[in-house]
Amino acid sequence: MRNSTYVKMALNMLLHSKLRSWLTIIGIVIGVGAVVGILSLGDAMEEQVQSRLAEMDLTKIAISPGYTRAMSNMPGPHGEGGNTAKDSELTDDDIDALQGVEGIQHIAGEISGSEEVDYAGENATLSITGVDPQVWKYMTTLETQSGRLLEPADKYVAVIGSDVASGIYDQDIGINQVIKIKGKSVRVVGILTEEGGFGDSSVYIPIDGAVSLIEDAEEGVFDTIMVKAQSEDLVDTVMEDITDKLMISRHIVREDDMDFSVTASKSMAESVTEMTSSMTLFLGAIAAVSLIVGAVGIANTMFTSVLEKTKEIGTMKAIGARNRDILMIFIFNSAMVGFVGGIFGVMLGAFISTLFPMLGMTMMRSEGDTGIFLSPRLMLFGLVLAVVIGVVSGAIPAYRASKLKPVDALRYE
Amino acid sequence: MALTEIIEIFKTKLNVSGILNSLDKAADFYGESDIYSEMDDPGETIKNNPYNGPGGAFVKNVDAGKLSGKKEVPLIKLTDVWKTYQMGESEFAALRGVNLEIYEGEFLVVLGPSGSGKSTLMNLLGCLDLPSKGTVFLNSSDISELDESELARIRGQMIGFIFQSFNLIPTLNTQENVLLPLEFLEEDARTAREKAAYLLEIVGLSDKKYNLPSQLSGGQRQRVAIARSLAVNPPVILADEPTGNLDSKTGNYILEFLYGLNKKEGKTIIIVTHDLELVKYATRIVYIRDGQIEKIEEYTQNKPEGMI
Ligand SMILES: Nc1ncnc2c1ncn2[C@@H]1O[C@H](COP(=O)(O)OP(=O)(O)O)[C@@H](O)[C@H]1O
Ligand SMILES: [Mg+2]
Numbered sequence: 001m002r003n004s005t006y007v008k009m010a011l012n013m014l015l016h017s018k019l020r021s022w023l024t025i026i027g028i029v030i031g032v033g034a035v036v037g038i039l040s041l042g043d044a045m046e047e048q049v050q051s052r053l054a055e056m057d058l059t060k061i062a063i064s065p066g067y068t069r070a071m072s073n074m075p076g077p078h079g080e081g082g083n084t085a086k087d088s089e090l091t092d093d094d095i096d097a098l099q100g101v102e103g104i105q106h107i108a109g110e111i112s113g114s115e116e117v118d119y120a121g122e123n124a125t126l127s128i129t130g131v132d133p134q135v136w137k138y139m140t141t142l143e144t145q146s147g148r149l150l151e152p153a154d155k156y157v158a159v160i161g162s163d164v165a166s167g168i169y170d171q172d173i174g175i176n177q178v179i180k181i182k183g184k185s186v187r188v189v190g191i192l193t194e195e196g197g198f199g200d201s202s203v204y205i206p207i208d209g210a211v212s213l214i215e216d217a218e219e220g221v222f223d224t225i226m227v228k229a230q231s232e233d234l235v236d237t238v239m240e241d242i243t244d245k246l247m248i249s250r251h252i253v254r255e256d257d258m259d260f261s262v263t264a265s266k267s268m269a270e271s272v273t274e275m276t277s278s279m280t281l282f283l284g285a286i287a288a289v290s291l292i293v294g295a296v297g298i299a300n301t302m303f304t305s306v307l308e309k310t311k312e313i314g315t316m317k318a319i320g321a322r323n324r325d326i327l328m329i330f331i332f333n334s335a336m337v338g339f340v341g342g343i344f345g346v347m348l349g350a351f352i353s354t355l356f357p358m359l360g361m362t363m364m365r366s367e368g369d370t371g372i373f374l375s376p377r378l379m380l381f382g383l384v385l386a387v388v389i390g391v392v393s394g395a396i397p398a399y400r401a402s403k404l405k406p407v408d409a410l411r412y413e
Numbered sequence: 001m002a003l004t005e006i007i008e009i010f011k012t013k014l015n016v017s018g019i020l021n022s023l024d025k026a027a028d029f030y031g032e033s034d035i036y037s038e039m040d041d042p043g044e045t046i047k048n049n050p051y052n053g054p055g056g057a058f059v060k061n062v063d064a065g066k067l068s069g070k071k072e073v074p075l076i077k078l079t080d081v082w083k084t085y086q087m088g089e090s091e092f093a094a095l096r097g098v099n100l101e102i103y104e105g106e107f108l109v110v111l112g113p114s115g116s117g118k119s120t121l122m123n124l125l126g127c128l129d130l131p132s133k134g135t136v137f138l139n140s141s142d143i144s145e146l147d148e149s150e151l152a153r154i155r156g157q158m159i160g161f162i163f164q165s166f167n168l169i170p171t172l173n174t175q176e177n178v179l180l181p182l183e184f185l186e187e188d189a190r191t192a193r194e195k196a197a198y199l200l201e202i203v204g205l206s207d208k209k210y211n212l213p214s215q216l217s218g219g220q221r222q223r224v225a226i227a228r229s230l231a232v233n234p235p236v237i238l239a240d241e242p243t244g245n246l247d248s249k250t251g252n253y254i255l256e257f258l259y260g261l262n263k264k265e266g267k268t269i270i271i272v273t274h275d276l277e278l279v280k281y282a283t284r285i286v287y288i289r290d291g292q293i294e295k296i297e298e299y300t301q302n303k304p305e306g307m308i
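Respectively, the protein sequence lines represent chains A and B. Just so you know, this note's numbering puts 240 at position 240 of the first sequence, and the rest follows in order with no gaps. Just so you know, this note's numbering puts 89 at position 89 of the second sequence, and the rest follows in order with no gaps.
Okay, chain A solo, but in the shape it has when bound (with noise of 0.2 Å):
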């Protein structure tokens, strides 16, 4: 018998058969669709998180204050970590500490606190960080798209964020335009680059006058020490040496009374990455779950067919149909099912990709570019994927109806 023979026959069991198996084809769409939607997810989250590490410094390195795990302490100005003991602070002496440490590029003390801000009459609240504007710009990678970054010299300027200057107040803010903080006037250098994050509403002003612009800022007291090590290679070594460094001088014995944090940008980096993947494979194996229920379901309804055609299979046989041929109508036939399966599948997989911008987004803390489509080597892996489920389930069946003995096959009613 001929492929072409299988795929008539297949085809003519598949067009004739009982609402009842359509509805497992079910199963197998729900199970392609979650998996495919996950995969597309999976797919743009990595992409997003890509992105936006190839945006990151991975030479930066976060000394802050309380003991807290790496993952939960975000690096960079606006670490809203949740710092358990904030009774211990980071200092001047902390920063003298670390300055023969080798491998260092820079170092800088940040403040950081959130303030009332007013521009024409009106206010809003907004997240301030103190820089040190001697550094900083060799430090950050920040851009602004006019102005300038902040210079030595600098004191009651500002740096702000794209956000802030079209957008939170109703007057777009322009350089040289002055705004008010805590009543002191601070004039505006320089208008960043909206990069899609926190620093988008930020304002950043030299630590100097930071310090008398944030409540309970003191001078020489820092919320993070900023290290830049001179190369991504060296960050291991430098973060070993700073911890050993900072434990020294902090007078600090065993690990458990650490005092402070070490974070390197690219230790989060790493972590976030892998919390993507791990996320897509926790998912994918819940929507292979699914796949497998919607296997089953094949399984199933092949099982009632083989025994619903057991006549017709004995027939067959009589008038010269070996075992090999039942066998490959019947796995045909559920590739077939598995492929249509597969094709609605995939279309609901594509409708799934389309809702899940907005949880991506929020997942991601940021807006907009959320390119989440259904690539065609997506597509064409929940078809095969669809297909083998097909053919796997069908094949125990298929093999039953393949060894039915002529006779007993003719005898059933």
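Hint data in this document are derived by calculation from the structure and do not stem from the laboratory. Here the structure is a predicted model, which is why all the values come from computation and not from measurement. Treat the hints with care, since some could be wrong.
[What the hints assert, rightly or not] If you anchor each label on the Cβ, the simulated ranges turn out as follows:
(1) B:Ser-90 - A:Leu-380: 54 to 60 Å
(2) B:Gln-86 - A:Ser-375: 56 to 62 Å
(3) B:Ser-140 - A:Leu-380: 53 to 59 Å
(4) B:Ser-132 - A:Leu-11: 37 to 43 Å
[To be verified] To be clear about the criterion: a stretch of chain A counts as covered by chain B if any three or more of its residues have a C-beta under 8 Å from a C-beta of chain B, and this derived list gives those stretches:
(5) 11-22
(6) 303-316
(7) 322-329
(8) 398-409
Glycine is no exception: its CB is placed at the ideal position from the N, C-alpha and C atoms.
Start from chain A and add chain B with the ligands according to the hints.
Showing chain B with the ligands alone in chain A's frame:
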């Protein structure tokens, strides 16, 4: 002996000349009430016999079989055949030591009451089952020694089955049902179509090519089944109660058709039945009871009344 040899010997020694040439008119069928079809000239199409012609594998001199003079070698031979069925603890012997020889060109009627083992015997003759004990020889070779695909090939090429309940594939239309055995033999699609058209013409169902079995009457279904059984032009036709589900008038048409096949094509016909009516067509009658052959009667002249 290789399988192909067995089959070839069958084909050559049997009188399987240009199939059904002599059945052109098939006039009897047109008498059946439900087929006063609008066919203009059935004879014309039928003359385009796809089983004839230089390429036809089955084209043999009508006399070849007879001249081979091998009438004494039986087509099918059963020696001390037993068939026992396991019924839970106990065993039940449906056939108990059957010895039978069937020769080419015979019109054999196996007659016996219900439950006597006729269908069991039929299954063995048709290679649908193997004996529990004893041997079934098909052209001198033991079918128990053939593997599954060889048996399938024998069934596909040598034997045409006709069942009491027609056994058409319900999801295939008339034409597709007739084509099916040819598909199994990987017959060229065009030739297969021609053959199917030809056979459907003969059984008078040319206008029902695209009907599903459910859209046909019982008699029409059995005619489709006959067309199907003839598709590969097999030398042997096995029929298990072929008229059991038909009214006597329709049944008679079917029988006369088979009779014609036997008389004019030399096909070996084996019919299993409990219906005494059928004996008039037989060249030999095998009476079977409780799984044993009771007696065998031979008729040199089988000629039902009304048949010329
Ligand atoms: N597969 C089977 N299992 C058990 N008993 C069977 C089986 N097939 C047939 N029989 C028994 O064998 C006997 C002969 O059956 P069968 O050949 O079908 O008779 P017939 O066709 O003459 O009516 C019956 O008594 C039947 O019950
Ligand atoms: Mg019977």
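Outcome of the hint check:
1. B:Ser-90 - A:Leu-380: 54 to 60 Å: holds (59 Å)
2. B:Gln-86 - A:Ser-375: 56 to 62 Å: holds (58 Å)
3. B:Ser-140 - A:Leu-380: 53 to 59 Å: Since B:Ser-140 and A:Leu-380 have Cβ atoms about 56 Å apart, the given range 53 to 59 Å holds.
4. B:Ser-132 - A:Leu-11: 37 to 43 Å: holds (40 Å)
5. 11-22: With 4 residues in contact (Cβ-Cβ under 8 Å with chain B), the coverage given for the region 11-22 of chain A holds.
6. 303-316: holds (count 5)
7. 322-329: Satisfied; 4 residues make the cut.
8. 398-409: holds (count 3)
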